[in-house]
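Protein sequences, first through last, are from chains W and G. For the first sequence, counting from 1, position 393 maps to 393 in the numbering used here; every step adds exactly one. Counting from 1 along the second sequence, just add 543 to a position and that's the residue number in the numbering used here.
Hint data in this document are derived by calculation from the structure and do not stem from the laboratory. Given the structure is predicted, the values throughout are model-derived calculations rather than measurements. Keep in mind that a hint or two might mislead.
What follows is a set of in silico ranges between Cβ atoms, one per label pair, in the way DEER data are often shown [unchecked claim]: (1) K891(G) - S444(W): 31 to 41 Å; (2) D529(W) - T592(G): 44 to 54 Å; (3) D691(G) - K448(W): 39 to 49 Å; (4) E102(W) - D691(G): 45 to 55 Å.
Derived lysine-lysine pairs resembling DSS-like cross-links, with alpha carbons at most 25 Å apart [to be verified]: (5) K522(W) - K648(G); (6) K448(W) - K398(W); (7) K629(G) - K467(W); (8) K530(W) - K648(G); (9) K530(W) - K629(G); (10) K105(W) - K522(W); (11) K467(W) - K294(W); (12) K530(W) - K448(W); (13) K294(W) - K818(G); (14) K294(W) - K693(G); (15) K453(W) - K499(W); (16) K530(W) - K694(G); (17) K693(G) - K530(W); (18) K752(G) - K724(G); (19) K146(W) - K105(W); (20) K168(W) - K509(W).
C-beta: ideal position from N, C-alpha, C; glycine also.
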Amino acid sequence: MKKVRILSLLSVTALVTTVLVTAPTVANAAPMCDGKSPIQSCVGVTSDGAPYAMQVPANFNGTVALYSHGYRYNVDIPAGIPLIGGYKITNTPEPVPGGNAEVAKYFFSQGIAIVGSGFARQGWNPDSAIKTNVELIDTFKKQFPKTTKVVAWGSSLGGVITQGLAEKHPELVSAVAPMCMADNVSAELTMAGDFLWGIKVLFDPTIKAGNYSAGAAGVAESYGDLVKVFTVMGKLQASLTTGAWPDTSSATGKALAAAGIPSRSALLLLGLMAGLPTQSAHFDSISGPDGALKLTFPLAISPVLAILENGTNAAALAVLATQDVENQTGGAIFDNTKTDYSARVDAERVIFNAALSGNTAIDAMLGALSAANPGAPRAAGNAAAVAKMKALHQNTGKINVPTVLMVGVADPITPAGASQRLVDLYAEQYAAEKAAARKAYQASRDYKTPTNKLLMLWNTTPSNYTKFDAAGSPITSTAAAQGTNHCNFTSAQLVLVAKSLVQASSTGKLPSGGALYTAVRKAGNLSIDKGISVPWLKAYGDN
Amino acid sequence: MKALHRRKLLTATAVLAVFGLAATAIPAQAAEVGVTSTQIKLGMTLPMTGTASLGYNKIPGAAKAYFDYLNANGGINGRKVTLVVKDDRYVPTEAVAKTNELILKDKVMALLAPLGTANVKAVASSVNPGRRGVPVLFVNTGFSGFADAKKYPTTYTVLPSYIMEAKIMGQYIKENFAGKKIGLLYQDDDFGTDALAGFKTAGINFAVKVPYASGSQSAAAAAGWITKFKAAEADVVILFGVSSATSAMLGVAAQLKYAPQWMLGSVGGDATTIKLTGVPAGVLYNAIGFSPVPATTDMKDEYVKFFSDIYTKAVPGSAFDLNVLLGMNTAFMAAQALKAAGANPTRKSLLAAIDSKGATFANSALVPAAYSKTSHVGLTGYWVGKYSPAGDLSPVGGTYVSYTTDSGAGAVVKTTYKRPAMPAKGLPN
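Pulled out of the complex, with its shape left as it was, chain W reads as follows:
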């Protein structure tokens, strides 16, 4: 098999969202508006220093859509670092996802204004970002007194911010849409930490994988980790078919290699332990090339390639977000001293048994990764830092206003399980609301069915999508499949969310019935099937 070109495919733009508007630098001044028609543009800076941008159509109907962008690295990345080098911190405002013109056009056609900031602080920032948004709503209303309704939406970390806004200030928003929403910080960084820890203890023990030094030294350490992690992933990719282990492998890794366990099986196990999806942009874990590998490829190779693609995509954020949150909390925040990785993969080990090389190999790997093996030392968190991390904003999952969720079922950065958590919690909430309604009926004899406040849009993967060339090598130059990669939505899907928000804000009810089915079908690659259920992030199962 030809060398699979994965690393060059990394979707850095998926992590660092496109910027849109240049804003002034004077904090807390009134917006500066150009007074143009049909679209008036205003810019300004909130009191905490977040630049913002507003665009208001001439036929403004009183509704404004507030967008929150996703995670942006909060450090510059030197050009020499592979894949993401050259990134500069930016807080340029983003009033619609990625500056998507079709979305903006839709809003304007409805007489709806758009607004968004670039936030004052990048990195993990929901605490400050929610406050920024509250101020921005107030600023907009003062500038445009005709404003009657605010709908809020956001992507990735912006989804957390959006949900947080609805939880803390439901009086400010009439509908919200957290899209490809991240989970709470501890769940997300547990996923990141588990994968990084596994890479470290098996493939390169010189990787720090957290517990970075304070300040600039810690940033430099994170740069070093990025290079090492990408190097390891490259080596694993190169030895995919032979199963050889990287020359940097630990003694524990080398012992597993000596036992005949291929490195690809170990990599897959790490991905499963962390909860990474086993479908990726180009690997569906289903298809195989014609010929001898028709069955072997999906059974033994494709899931590993999916973890390689997803894991590499996630690694940069894992390193940099860990360094960022440690910087905010003052110490190591990843702690796997009590994690039972065997329990973590109990469901998956039979499903991917062939790629994991069978139970004997799985048990050997889990034994090597157990807390009892000093050759794979567990990471201990700093208690004070962990407590501070838990004190950062955490969404409870309470649904206060009509809410639209949309996520790719194989999103490797913000797994669909984060949205599933809200779906499951809302099911309990709705049942409780029904019970309360029944109780109220006892007194009033007037039963009022609670209004459904949640619409879940699953961005699904095609039945199969891995393509092969005439020689049987997988093709990785094509666009990422739907349902994979991070926040990999089409304009049609984003517009559907926008329309749903608008309807919910004007009627108080989310779309439903035949009209919803038709709209979902037209948007493409979406499902509202209530039978879909994906696992929560692994951290929730540890308790």
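With chain W fixed as given, assemble chain G onto it according to the hints.
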């Protein structure tokens, strides 16, 4: 997940409460998914192509042959039973995709006889038929875990579990090969884990155990296995794997003239399938095998004769073998379950029918089924046979002696089970 169970309970309570408020306003019953006035649609996933498909790919044809016969004789209360078949190539992730298609696009009422432990497990965790309320009837795997009604609330086993099989094998070994060195070839996944648990319960100590990872079976691998069995001087070698593993082993053994006392697990023990791979029938001679249903050559058995006649007409030229018999038997049981589910069957009434009447469904097995309101366990035992020079499995001593047990610590006992007679014309009552 704890939260899910709680939610389910709360939802159910709320639904009951609302109905209680307006007891007189009974809503019109919505038509069940996959059920129309003329049709009941079932779906099946299994390997139809690829190395694992050999033999198993006859199961849909067998099931359809029975359903066609049933439909020609009035169907189920006038509804024809149709079977939508999807090829999963024995790849768990593909089984997930194909099952999703069956449920969401084809809109089947129930899944019938999905094949393979890993595949059924993958579907259970990713497609969630239990959460959707979709019945998964008579899974084609003997993994004991699928009888866990809490974990798999809509799933029903039919094959005796691998634990049961290993316990019965163990009993036979102790009675017939005491003091001999025993070797075991097993699949290194839950299939094999079940087998190991059964042998452990039976108190069998192995001279050598050789695991193989699913998908790794080949002639080259088999040569390595034989080296290990020879080194351990195994007198009896148990092949507790899939057909392709059994075939690879016996084929290479024939070439190397390696001939211990073979003992074949039922999963990989279908002679027709083994012989199709080029293994000489003589290699099977005197090997010991196990089956819950009668010998496929036993035309004195009313079920075998009945199914064989239907299949021969429906699929001329195709050998009537164990896979065919089991496929038709499963279809026959499914038909009875649908009939018992009432005039307008629903997914719920179908599940309830198996709970209440499944243990009494007529079928060809010579061992009892254990379905009840608290058990999703199907057949519970095997008879022991030997392969003839032609490779056919027949009962040791010429008479079926069946053993039954459970998947726990229960004893292996000879069963006095009296099989129900074939219903008139082989149609559900």
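Hints and how they fare:
Between K891(G) and S444(W) the Cβ separation comes to about 33 Å, which falls inside the hinted range of 31 to 41 Å. Range check, D529(W) to T592(G): Cβ separation about 28 Å, and the 44 to 54 Å hint is violated. Separation of D691(G) from K448(W) is about 40 Å and conforms to the stated range, judged on CB atoms against 39 to 49 Å. A hinted range of 45 to 55 Å holds for the C-beta pair E102(W) and D691(G), which are about 49 Å apart.
Taken as a hint, the K522(W) and K648(G) pair is honoured in the structure, with Cα atoms around 16 Å apart against an allowance of 25 Å. Pair hint K448(W) plus K398(W) holds up; C-alpha atoms about 21 Å apart against a cutoff of 25 Å. The hinted pair formed by K629(G) and K467(W) meets the criterion: a straight-line CA distance of about 21 Å does not exceed 25 Å. For the suggested pair K530(W) and K648(G), the alpha carbons sit about 14 Å apart, so the restraint of at most 25 Å is met.
For the hint linking K530(W) to K629(G), the alpha-carbon distance of about 23 Å falls within 25 Å, and the restraint holds. With a CA separation close to 18 Å, the supplied pair K105(W) and K522(W) stays within the 25 Å bound. Among the hinted pairs, K467(W) with K294(W) is consistent with the structure: their alpha-carbon atoms are about 12 Å apart, no more than 25 Å. For the hint pairing K530(W) with K448(W), the CA-to-CA distance comes to about 23 Å; that is within 25 Å, so the pair holds.
Proposed proximity of K294(W) and K818(G) is supported: the alpha carbons are some 24 Å apart, at most 25 Å. For the suggested pair K294(W) and K693(G), the alpha carbons sit about 36 Å apart, so the restraint of at most 25 Å is broken. The straight-line distance between the Cα atoms of K453(W) and K499(W) is roughly 15 Å, inside the 25 Å bound, and the hint therefore holds. Pair hint K530(W) plus K694(G) holds up; C-alpha atoms about 19 Å apart against a cutoff of 25 Å.
For the suggested pair K693(G) and K530(W), the alpha carbons sit about 20 Å apart, so the restraint of at most 25 Å is met. At most 25 Å may separate the alpha-carbon atoms for a hinted pair to count; K752(G) and K724(G) meet this at roughly 11 Å. Distance check on the hinted pair: K146(W) and K105(W) sit about 21 Å apart at the alpha-carbon level, within 25 Å; holds. Restraint check for K168(W) and K509(W): the C-alpha separation of about 21 Å stays at or below 25 Å, so the hint holds.
In summary, the structure is inconsistent with hints 2, 14 from the numbered list given earlier, while agreeing with the others.
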